[in-house]
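**Student:** Single-letter residue listing:
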Amino acid sequence: MQVERKFQCSEPVSKDKYNQVAVTIILSRQDRRPTTEFGKIYLHNIYFLPDNLDFNQTAFNFASITKAKTTFMKTIGKAGNRGQEVRSDCYVETELKLSGGILLDINSKVKALFGKSIEKLTLNILRTFAIENARIIIEDAGALDFVIAARIEAAVKKVMDIDRDYLLPVIDDNLSVSKKDDFRFSRLYLPGNSPKLMINAGVHSPNGIILDLEDSVSPERKFEARFLVRNALRNLSFYGAERMVRINQIPKGLDDLEFVVPHHVNLILIPKCEKADDVHVVNNKIDSIKKKHNVDYPVWLMPIIESALGIINAYQIASAADNVAALAIGLEDYTADIGTRRTNKGNESFFARSMVVNAARAAGIQPIDSVFSDVSDMEALAKSVKASKALGFDGMGCIHPRQIKVIRENFAPAEAEIEKAKKIVLAFKDAEAKGLGVVSLESKMIDPPVVKRAEKTIQMAMDMGKLDTDWMELED
Amino acid sequence: MKKYDKLIKNAVGRVVPTIINGEGHIPFQGVGKYKPAGRKYGPKIASCADYPVDGNKTVESLKEALIKAGLKDGMTISTHHHFRNGDLIANQVFDIAHELSIKGLRWYPSASFPCQEHLIPYLEDGTINRIEGSMNGPLGRFASEGKMKGLGVLRSHGGRYQAVQDGEVQIDIAVIAAPTADPFGNANGVYGDAACGLLGFALADSQYADKVVVVTDHLVPFPAIPWQIHGNYVDYVVKVDKVGIPEKIISGTTKIAKSPDRLLIAELTARFCEKTGLIYDGFSYQAGAGGTALSIGNYFGDILRKNGWKARFIRAGSNKYAVEMLEEGLVDYILDGQTFDLDGVRSMRENPNHVNTSPFTSYNYHGKGNFASMIDVVVLGATEVDVNFNANVVTHSDGYLLHGIGGWQNCLFAKTTILPIPLFRDRIPVIRDEVTTLCGPGELIDVIVTERGIAINPLRQDLMEKTKNSGLPIKTIKELKEEAEAICGVPEKPKLSDEIIAVIKWVDGTVIDSVRKVE
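Chains as they are written, first to last, in this note's numbering: chain A, 2 to 477; chain B, 1194 to 1712.
Extracted from the complex, chain B is given alone in its bound form (with noise of 0.2 Å):
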């Protein structure tokens, strides 16, 4: 099977290939503009007569569950990502995948680690064929250089929810790793050693997959509560001494900069929204776990408590300084996807008010709406912006495929996207001619915020207008490319080979751009 094949020009000027790995894919025709027809896909019909009426669905191991499940060559293995680099489950997975013989497996993760950097080998063997999935860090290097048997196929949160709803992936096995479960299968994050805060990012893997397996480390009798994970959507259940790392499920990733350039990014963009009026008495937000974002929440918190106003909600990755936002009153509701440390954990367990969510309710973009368009302010991150202000945020300029897409393509439907970014990384200027690779049009990323300067999309004419006489350093995109360019000089084109080793699928399921191979 040819890893890719018929290669076609998109909406967006990118050469895509729409078969994939021996199945036909649609290249992007546009923001809103494919609408798929016909029906979600529907999982097989289970009977009660087929589990024990004791509700009693544990096994010995996993390799039991995985064997019971009917694991064999070819099939689509599904994990998540909530314990992030503490994850100690996807590994035994393909262990026990390569130690049964088993090849040709597409690993469907709901992103990538580097602590999963020991499946290279099974990259390497054949047991995994390739990962449909974010790939970061040693696993993205791999597949840039093109070693990947099959070709990557990278998805946002809300396009991963999509393609299984779809029925574009279909899951035969998932294995959902649990802080916390009964014997019934019903789980969830907030207990427990390996306490994550909740499941969302299982919860597609929960409802679609063939077979559906529960590990955990901290069994209770039922009922397990909250249920954040069903129960009733599961087959077996292992108990395992230890299903991740704590200290490296709360990644240490989740402090306010300290970094007077990144400050002053965060001082600037919160400024930004302030003399616009996009802070308001209940606006809403959402910002990343990196050091910038956080602390733009921080000066939005400053903003609010100033004019004694309130946010609505705020759209989280939660981390202690939302937490202490809700529990000050700035804020009525925290709308969680994942939690980033012990506070999150914590307040999600406690209060009401801090509510988990799932990639269907946040981003699913084949749904009847998502939350992530009624958000106010979002703030993401990029790793280039060209001068149409399509920006990429998986691929660096030297084309090596090292972040994950996350939620960022289906947070791009703010009412306000704002990219806070350094003008320069390293001398590499952030703001090209064209991005490496296209993971975001330009036409829904309406400002950039550099430490040298804010560059406003022409298309907001509301906020250019707004920002008139304003004090702040408002520059058009050009100016800011030629400022970094004179600084660092203009750099020379990377060596791409035309080989392509991985396709970006935009939140509708189509293809918006290609992956090329380093050379």
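Just chain A, same shape as in the assembly (with noise of 0.2 Å):
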């Protein structure tokens, strides 16, 4: 059946600002075909208008369609990085054409040992999008899979929307789930937009990975990232450290979450939360988005309070949802926020500290220092530590890989807490035996707490394998 529309145009195209205008038929939900069939309609829908062309009495013929809608996109679409300081990513350019086939033209390092299966690659991603009219350039420096096939896709969706994905496989390693009370003492940031950095950091042994899709990536390449975030939680492996991601500030933030969520991502760290409401305004989100995609894996959050007004309501954004794991502090913009800089020994966050770490303890969860921004001087970051532990904090954020091994090292507990602990829970077994309700240890008395103190040092011990798990066998 043959069927002509006339479509009328909701804004007006401007030839200043597209080369090229694409018009693109989108079929609505209720009207799709079977997908394979879809995608072709889809693409055979594409048409490039001509220079002389008024739009509003421009019409279209296609076959079986009866409800579309408009879209004016340009028609190259780029992403990805190139240049001589490029490795381990790839600059993908896409061009929709109306004929011709794919022309493929692939200029990558590892050519000699990769070409074929980066070909191979493009062209599924291409029959997965249907596209079958489109030159498609590569500069490749030594790219991944994971990292070719999000350049390569939002490249695509910069010139075509389609509400389709290309997943690679979700390897073994990314279906770990995570616990609410996990060690949490080192989190290392990577900017989201950075694969180099992404591949080698599970190796480093850091308790968190998280891609970052906030601040350390830039407005115009925020798009692409997400794509890349996705696939690397699928994809990379993260050599058991908890796969964590950084949105963006609410309300953008939320818009992250469909490429997390069903991705399996185990914690999301949410920016300048402010209030309560923060929080439960992205668990609903999270709930709409597990419930779509048959999520059952838990998702943790950690806000992280960057103002006055976050300090003031830590406790209630500590204690606002189930899955908040724990609570961190980010000083950089908190300092700016209260009006002065931040210091070396820290007076002007003394308060704000100590809020976060009240908050969260009666709340129940981990409270996360920020992050030690110098990293050459590993003493600082050392004494840092030190300092942090002492406030009552359970973990440091890092931004070089360099500084997670200071930071585990400063929060295990030390020879000395962990041989007072083994002392502390041998008597309380004692006392146990014995049927007393009083612990007591060298003539003083131990209150409980001071028991569950000592337990959680033995765990954590034997965890960081400072303590053979059969130690008290030994002990006997």
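I should point out that these hints are in silico values taken from the structure, not numbers from a laboratory.
There could be a bad hint or two in this list.
Not everything, but these chain B residues come out facing chain A in the computed CB check (under 10 Å) [said to hold, decoys possible]:
1. 1224
2. 1232
3. 1236
4. 1384
5. 1453
6. 1454
7. 1482
8. 1595
9. 1617
10. 1619
11. 1665
12. 1684
13. 1688
14. 1692
Which chain B residues face chain A? A few, computed with CB under 7 Å, are given here [unchecked claim]:
15. 1550
16. 1569
17. 1591
18. 1620
19. 1621
20. 1682
Owing to the predicted nature of the structure, the values given are computational and were not obtained by experimental measurement.
Where is the CB? At the ideal position from N, CA and C, for every residue including glycine.
Got two chains here, each in a separate frame; can you build the complex from them with the hints?
**Tutor:** So, in structure tokens, the structure goes:
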């Protein structure tokens, strides 16, 4: 059946803005045909406007379509990075065409060894999006498949409004779930649009790796970063580190959730969180995505407080929902918000940090300190970690892998702490065996919270390999 | 003359020519198997009657020296690489040869650098027939594409000395650029604007070449002390304005690694050495000049300091980090083959415990022993390693010849050879089923350390035993290979032509592998 429809232009088409303008006819959801056919029809309905076109008078012929909408798009989409300094990344340019088939122009520094594989991946992706006529330019500097796929998809979606994704398989490592009280001593921030830094991050053994969609990604790259982060969550091993994503500030960050929640993220950081409702809004969206995608794994939250208002509302935020696992503080923005500057001594943030510790403890979750920004000074970092631990924090952010070891070692229980904890736990065990209600050690009474803390220290020491798991038998 | 002929499969299963540039060569027979009979090459006997009695051998120009030395078609011209990428003399030698319409020269450098890309037109027009020496960067690319008229021959530093000593390569004219020299020809590398520390790579050239030309921009009255090159071997001395570019001689490649991944590999290597007892009071080691190797040296220093130990000697490639260890008392001696920075040059000049060495003392396999085999731990790089621990150091996985052998093959004879390398580079897995070019037999390579785990050669059961319950991430080499391929994908086999463009010599002068033309 041939149908002729006339579309009204909903906005003026500026020839200055677009060299080429495509009109894409998108089938509405209820009129969708079976997937494969849908793609073809979609593709066939990309029209290129001639220079002298009066859009309001344009009619389109197509088959079996009763409903459609028009969108205006550029026909060339770009994503990724190129240049001499670029490594483990690629640049992709996609130009949709009316005819001529697929023209691939792949220039890769690993072409001799992976040329065919890159070509095959590219064609698979184009097939998924039912693209039959296009010119694809790829300048590859040794990117892995998850990067190439993300860059191609981003470039394609800059010129095509299509609600279909190219998803790489989820590797077994990334099916792991995390627990609310897992250690979070060190969480490593990585810019969400920098694949080179992602690939080996896990081998440095941080407790968590944060793929950041917020401050470390420039506004014009946020679109493509989402695809990269999504693909990394599915296809890149984090080597046992908790898979974390920092979304953008609410409300913009809500749109990021579609790219992370269905893709095995463990924990989401909510930046610049100021009130409990920020957590609720995020959770509502997470719940709807989980339902839509049948997600049954936990997705924990770590709100980051970065303002005076956030500090005042710290407890409400910490206790806003059961899946809030930790409460963090971001001192750069916080100090700016209270009209001062961050100093090494940290007097200006003492109140705020204490508030975060108290709020988190009151809510039964982990208080997590800000990052230490001088990546070259490991001694100053060690001091800072000790001060942080003394304030009551359970962990700290890092911005360089070299900081991980220093943070872990200084948050970990010291030998003397472990020895003392062992004595307390043994005394408690002894008292229990004797049916005594009171625990004493070397003529001092031991309160139940002290025993609880000692048990936690022991657990931590065992988990970090600083104490044998059968230490109690060895003591006997 | 055919570039090569009479192919044969050698003891490691590689097809190699036995006729190379018209001369007969012996295929690799196994480590320690080939023992040549006969006597060393003897240079011509000279007579003092032919040299000025006042000892003044200076001539006006390099051109005059080369003409006097009898430069003609088909000769072998040698140069050294102590000036690295700041060398100004090798290019001038061939400019002169070209100007004199000389053809078919064999260039026998101890290594080439990107600054010698200048010579490509001379390789194209036949002024230079071939390079027998390590070919780096653009020259390696040129050769890989099959454009060199003769067949390239790559040798290790020790192999270069051996080839000259054994008469396999007879140098007609050796041109020795020297930071300091006197009119008699005594020369050293410790003084002058182009100070590079020492001139050990030119030792064989001075001893065995028919004619020896010393070129310097710092001519001092006799005697130039120390005389690292003896004037008694020298025919002509030339004073020029500049022999090298100092900032390129002291290359910036010698900085501690900043990359966290490389630091992790370095730390794992040092932990491995500590846990297995390879480091002890009185041990010795050699590490290269790359960032990872330097960081390993730093970690070794920490271990020595922590235990109150002292290393007996470092074999180097010296730089400020090794010098600091010497000056701190963490090591008794630096036995130095080349200095990489000004601290190294200063130390060599001032500290008698910082000793200049040569490929003869350190590496020559046809001698009565050498230093390399006495080292406890040597840390080396590699472009590829195969599942049998055979390693490649000259070609990339795409087949391009882009690195020299240096002292790499010679160092494999150390008591424990460790290759700290990333599991993959730019998506290319380093561990392969088969290396593109076999430069070092697996039986000499003991340990591979990567950021994702450590593989020990099964021949080293002692190390395997010592790492049990060590907490180190020990894996088999096959596991490492599979891990890399799970991340990067399985690489395709690069398309290489059957045509051979160069051969790799083993330390004993036998041919261990061929390098194929890249299609």
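**Student:** Would you pick out the hints that fail for this structure and give their numbers low to high?
**Tutor:** 1, 2, 3, 4, 7, 8, 11, 14, 15, 16
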